[in-house]
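**Student:** We have chain F; now place chains Y and Z onto it with these hints.
Chains as they are written, first to last, in numbering that gives the first Met the number 0: chain F, 0 to 103; chain Y, 0 to 543; chain Z, 0 to 145.
Because the hints were derived from the structure by calculation, they are not lab data.
Keep in mind that the hints are not guaranteed to be accurate.
[Claimed, not checked] Reference listing, derived: stretches of chain F covered by chain Y, where coverage requires no fewer than 3 residues with Cβ under 8 Å from a Cβ of chain Y: (1) 13-21; (2) 49-63; (3) 73-84.
[Unchecked claim] Distance condition first, Cα-Cα at most 30 Å in a straight line; then the derived BS3-like pairs of lysine-lysine: (4) Lys380/Y with Lys428/Y; (5) Lys92/F with Lys472/Y; (6) Lys289/Y with Lys190/Y; (7) Lys36/Y with Lys107/Z; (8) Lys76/Y with Lys50/F; (9) Lys107/Z with Lys50/F; (10) Lys245/Y with Lys107/Z; (11) Lys428/Y with Lys92/F; (12) Lys166/Y with Lys245/Y; (13) Lys36/Y with Lys50/F; (14) Lys36/Y with Lys247/Y; (15) Lys50/F with Lys96/Y; (16) Lys107/Z with Lys164/Y; (17) Lys510/Y with Lys4/F; (18) Lys428/Y with Lys472/Y; (19) Lys92/F with Lys96/Y; (20) Lys92/F with Lys76/Y.
Just so you know, even glycine gets a beta-carbon here, dropped at the ideal spot from N, CA and C.
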Amino acid sequence: MSETKIAVITGNELRTGDVIWWTGEGWSRHVDEAAAVDHDADGIIARENAKQVVTDTHVIDAFRGEDGTVRPAHIKDRIRALGPTVRLDLSLKPADPAAGNWVI
Amino acid sequence: MYQYDQHDQAMVDARVAEFRGQVARRLSGELTEDQFKPLRLKNGLYLQLHAYMLRVAVPYGTLNSQQMRTLGDIADKYDRGYGHFTTRQNIQFNWIKLSDTPEILEELAKVQLHAIQTSGNCIRNTTADHFAGAAADEVADPRPYAELLRQWSTFHPEFDYLPRKFKVAIIASETDRAAMRLHDIGIQIVKNEAGEIGCKFFAGGGMGRTPMIAPCIAEFVPALQMISFLEAALRVYNRHGRRDNKYKARIKILVHEIGVAEYRRQVEEEFAHILTLGLEPPPAELERIKAMFGDPGLEAGLSDDLDLTDPDFALWVDQNVDAHKQPGYAIVTVSLKPVGGIPGDASADQIRLLADLARDHSLDELRVTHAQNIVLPHVKKADLYGLWQTLEAAGLATPNLDLITDIIACPGLDYCALANARSIPLAQKITDRFADIGRQRDLGELKVKISGCINACGHHHAGHIGVLGVDRKGVENYQLSFGGAESADTSLGTITGPGFTEDGVVDAIEKATELYLARREEGERFLDTYRRIGMAPFKEAIYG
Amino acid sequence: MVELVLRYRDDEPVGDPAVTVDAFAAQANATAVRIEPGDDALALLPHLDRLALIEVNFPSFGDGRGYSAARSLRERGYAGELRAVGDVLVDQLSHMRRCGFDSFAPDKPISAEAAQAAFATWPEVYQKTVDGRAPIWAARHGVTQD
Numbered sequence: 000m001s002e003t004k005i006a007v008i009t010g011n012e013l014r015t016g017d018v019i020w021w022t023g024e025g026w027s028r029h030v031d032e033a034a035a036v037d038h039d040a041d042g043i044i045a046r047e048n049a050k051q052v053v054t055d056t057h058v059i060d061a062f063r064g065e066d067g068t069v070r071p072a073h074i075k076d077r078i079r080a081l082g083p084t085v086r087l088d089l090s091l092k093p094a095d096p097a098a099g100n101w102v103i
Numbered sequence: 000m001y002q003y004d005q006h007d008q009a010m011v012d013a014r015v016a017e018f019r020g021q022v023a024r025r026l027s028g029e030l031t032e033d034q035f036k037p038l039r040l041k042n043g044l045y046l047q048l049h050a051y052m053l054r055v056a057v058p059y060g061t062l063n064s065q066q067m068r069t070l071g072d073i074a075d076k077y078d079r080g081y082g083h084f085t086t087r088q089n090i091q092f093n094w095i096k097l098s099d100t101p102e103i104l105e106e107l108a109k110v111q112l113h114a115i116q117t118s119g120n121c122i123r124n125t126t127a128d129h130f131a132g133a134a135a136d137e138v139a140d141p142r143p144y145a146e147l148l149r150q151w152s153t154f155h156p157e158f159d160y161l162p163r164k165f166k167v168a169i170i171a172s173e174t175d176r177a178a179m180r181l182h183d184i185g186i187q188i189v190k191n192e193a194g195e196i197g198c199k200f201f202a203g204g205g206m207g208r209t210p211m212i213a214p215c216i217a218e219f220v221p222a223l224q225m226i227s228f229l230e231a232a233l234r235v236y237n238r239h240g241r242r243d244n245k246y247k248a249r250i251k252i253l254v255h256e257i258g259v260a261e262y263r264r265q266v267e268e269e270f271a272h273i274l275t276l277g278l279e280p281p282p283a284e285l286e287r288i289k290a291m292f293g294d295p296g297l298e299a300g301l302s303d304d305l306d307l308t309d310p311d312f313a314l315w316v317d318q319n320v321d322a323h324k325q326p327g328y329a330i331v332t333v334s335l336k337p338v339g340g341i342p343g344d345a346s347a348d349q350i351r352l353l354a355d356l357a358r359d360h361s362l363d364e365l366r367v368t369h370a371q372n373i374v375l376p377h378v379k380k381a382d383l384y385g386l387w388q389t390l391e392a393a394g395l396a397t398p399n400l401d402l403i404t405d406i407i408a409c410p411g412l413d414y415c416a417l418a419n420a421r422s423i424p425l426a427q428k429i430t431d432r433f434a435d436i437g438r439q440r441d442l443g444e445l446k447v448k449i450s451g452c453i454n455a456c457g458h459h460h461a462g463h464i465g466v467l468g469v470d471r472k473g474v475e476n477y478q479l480s481f482g483g484a485e486s487a488d489t490s491l492g493t494i495t496g497p498g499f500t501e502d503g504v505v506d507a508i509e510k511a512t513e514l515y516l517a518r519r520e521e522g523e524r525f526l527d528t529y530r531r532i533g534m535a536p537f538k539e540a541i542y543g
Numbered sequence: 000m001v002e003l004v005l006r007y008r009d010d011e012p013v014g015d016p017a018v019t020v021d022a023f024a025a026q027a028n029a030t031a032v033r034i035e036p037g038d039d040a041l042a043l044l045p046h047l048d049r050l051a052l053i054e055v056n057f058p059s060f061g062d063g064r065g066y067s068a069a070r071s072l073r074e075r076g077y078a079g080e081l082r083a084v085g086d087v088l089v090d091q092l093s094h095m096r097r098c099g100f101d102s103f104a105p106d107k108p109i110s111a112e113a114a115q116a117a118f119a120t121w122p123e124v125y126q127k128t129v130d131g132r133a134p135i136w137a138a139r140h141g142v143t144q145d
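Only chain F is shown next, with the shape it has when bound in the complex (with noise of 0.2 Å):
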């Protein structure tokens, strides 16, 4: 399956603490959701942070599958992506016991 390599736009919500990933639109728990940016990041970037709703948002490498799906390149954001390894039943993957092959 070919892989195409895309830049994405992640962060925390600042009151709750999720993982969140700029869809393009709004901001996603699903990380499937991000989407592409390029020389427009620093724009959205700059312009979210100062709605007060997210922090620490910034720019990763991630690649998109054929079918869509999104796998971050770097196993931290991956495993943020995700959630815990050890708790999956606290993950956003509860029912999938190999989720956490996902992340290695």
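**Tutor:** Below, chains Y and Z without anything else, positioned relative to chain F:
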């Protein structure tokens, strides 16, 4: 134990009000994140991988049952049903919302708990021997001194923006149960030849990138000059600690760079000046605090007999129960390290159960150890069997104190934004490999410590077997070390060689234990055999 | 009303600008000096009697050396104006006052009302320092300040 008076309560209440205002200013945008971050850190609130994490202070590791119960309730009400006990005797909640934090701090304040200065470049929670007040070998209970230090360090106006974090540990025995020599300042309460109580001061210990064992900077400071000496030691650090490089900003670097003699000279000069200012609390204040740490209600004349016919109970007693200075009593260590479990984690139900057991069987007292376990310090021997059965039913009776499965592990890359590798899955694999209790007891005392990054929150430098997680081109990798120790014979571990995968390091540890079993002499622990025969045979066994 | 300098003294402010420590050493008639975080405040001890104003610069609020400089100067008898300048936020005012600062010139001006609220953050204090406030241990044991 210590009870707040109206003054202490006013201080935590004022802090809650201050932070409430700061949160509001952040949410409105009046404070930027750069301005707010140091302020929230001083209230123990981190932004971690998945959410905010709140670190609640457990002053010198001592809690009463009401406080413990409140921690369980907070885990349910504001978190996801569990808490994590840390290597500095604190508790962490991993799923906190910023917007809930003022309420949480208010609920904590009602039971004399707080999250003050549990992060940030300030003086942190002072830790102490977790057997304080129960151990036979202590010169005095160190906790009154720790409480005096807690109050002096709380909202200290001069030391709120130190070059870096500052951690103090206090012990009162020759046996160091608090890793005192691995702190920024370590204090050993001692008696001089005249029988007077004083403080032996050590400064410049620590782990992290550049682990160091703290050298002695004062052999004997009278107890009633402890605060003045601390003022001097902190002031020299505040003035001269490096601020150009975050990784060289701890006091251990300063002591190393200027030399212990020069640091000592500067501190003594400042100490002489501070003594003229009358900053020391009066003797009556220490006496007032000591009075709260007197006899907790121990009964005299109780039987020391114990029925050990149940072999599982006998095993648990042998491993997890220590002698109390009072006949008829015992010190119980509750292991939070079940096989395959997450080291140091406890569910809200388990936390509340421990609160109830403390109320009913430990004179209302618990301790948190820096090895991430819980101590019930004053249990009647007559109550031990029933207590054990209750713990068993709740998954809290793993008989592995100081054995290979009693692993210290930081939260690692599963939770922590600073980590390079996960540490918890590795701990789980090690405990699964060595699950057999007979095998564990045959191996004997074997302290395994795992850190997910160089910051060493898992204290890996002080592990008989230490593991450091690293990032090797985006893939988790693990460095293995042997020979660290945190007690009176403090030493730092030596790396074995090239790193391993997660499964590889479990195999390497197993090979090391097999070599130990083959080569040990009478009475030797793993650490002793390693110190005697050296790294070479181990290296050969592991790398072939 | 937002002030450029928040001042809590009764005497007249010094008119001269504060000079650097090096310049001060060369000027016999200078009455105001500014110290940087890396300067040794105690080097000013021989000159305290001719100093009416010592400014302590905080280029970054996270650099806390100025707190030690201020408190050390007050401990050794400096009674002139002690001013915190630079990256000073309202959240630092209370501790700065306790370390002996009696005037503030923050880069981002702070209103007098916000400053007063900041000074009132702590109803009591645990430590005895140079601000004259009785610490909690004094209240507990009826010890009067000397």
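**Student:** Does each hint hold? Answer for all of them.
**Tutor:** Evaluated hints:
no. : hint                   : result
1   : 13-21                  : holds (count 6)
2   : 49-63                  : holds (count 4)
3   : 73-84                  : holds (count 8)
4   : Lys380/Y with Lys428/Y : 35 Å, violated
5   : Lys92/F with Lys472/Y  : 27 Å, holds
6   : Lys289/Y with Lys190/Y : 17 Å, holds
7   : Lys36/Y with Lys107/Z  : 18 Å, holds
8   : Lys76/Y with Lys50/F   : 29 Å, holds
9   : Lys107/Z with Lys50/F  : 22 Å, holds
10  : Lys245/Y with Lys107/Z : 26 Å, holds
11  : Lys428/Y with Lys92/F  : 22 Å, holds
12  : Lys166/Y with Lys245/Y : 16 Å, holds
13  : Lys36/Y with Lys50/F   : 18 Å, holds
14  : Lys36/Y with Lys247/Y  : 21 Å, holds
15  : Lys50/F with Lys96/Y   : 18 Å, holds
16  : Lys107/Z with Lys164/Y : 27 Å, holds
17  : Lys510/Y with Lys4/F   : 42 Å, violated
18  : Lys428/Y with Lys472/Y : 23 Å, holds
19  : Lys92/F with Lys96/Y   : 21 Å, holds
20  : Lys92/F with Lys76/Y   : 23 Å, holds
The earlier numbered hints that this structure contradicts are 4, 17.
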